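Colleague: Numbering-wise (my numbering), the sequence shown opens with residue 807 and increments by one.
In case anyone wonders, no lab produced these hints; they're calculated from the structure. Hints are not guaranteed to be accurate.
[As the list claims (entries may be wrong)] Per label pair, the in silico range of CB-to-CB distance:
no., residue 1, residue 2, range
1, 879, 858, 23 to 31 Å
2, 856, 876, 33 to 41 Å
3, 855, 891, 21 to 29 Å
4, 881, 855, 22 to 30 Å
Every value quoted in this text rests on a predicted model; they were computed, and no experiment measured them. Quick reminder that beta carbons are idealized off the backbone N, C-alpha and C, glycines included.
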Amino acid sequence: MKEKVMDAVSVATRDGVAVLCVNYPPVNALSVAVRRGLAAGIEAANADPAIRGIVIRASGKTFIAGADIKELAEKRHLESPTLREIQQLLETGKPSVAAIHGTALGGGLETGELQATAKAGFGLVLLALFAAQWVYFAVCEAYWGRSPGKMAVGLRVVTTSGRPIGWRAAALRNLLRAADLLPVAYLAGVVSMALSSRF
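Could you put together the complete structure from these sequences and hints?
Modeller: Here is the structure:
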């Protein structure tokens, strides 16, 4: 396995798969450095004929916690690459998946959805197949009375209060249309966690 570190994102290749790992403590916020690392890793994987697919994962207890609050105050969250630009890289490139663990909040949830929708068009349904029992999704913009990102709105607003919900509550609210696959989702989540610890 080869590994190259790009600031807050490391890129490893193994058996034709590029594994991009976000490592931006304490909560893997979507800083400019993280977005640049993701974009660079995706571009490199898309350009490499030996790479057949891309996995995006994160270290620590949180998958991705959304916007970097410090950068919001400085208006750096508007700097390129944006989530929309990263989405375009994924839509025109190799198949990709997000190995979500812990919490996926705001832009972190959108990042997971980007992997699910870029090639498959399943949104949260595909995420359900990889979501383990200990995974929580939230769109925190509801706390501030703002609308969530386009990806979440296109499916449905996760919650009106901004409180995180687990996969069971998401299934009950018809956010996950594959409720009959939840036992499989739990197993897939366990397998995903086991595999992700090897990268």
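Colleague: Does the hinted range 23 to 31 Å hold for residue 879 and residue 858 at CB?
Modeller: Since the Cβ atoms of residue 879 and residue 858 sit about 41 Å apart, the hinted range of 23 to 31 Å is violated.
Colleague: Do the beta carbons of residue 855 and residue 891 sit within 21 to 29 Å of each other?
Modeller: Given a distance of about 23 Å, which is inside 21 to 29 Å, the answer is holds.
Colleague: Cβ-Cβ distance between residue 856 and residue 876: within 33 to 41 Å?
Modeller: Check passed, 38 Å falls within 33 to 41 Å.
Colleague: Could you check the hint for me, namely that residue 881 and residue 855 are 22 to 30 Å apart, CB to CB?
Modeller: 39 Å Cβ-Cβ, so the 22 to 30 Å window is violated.
In summary, the numbered hints that this structure violates are 1 and 4.
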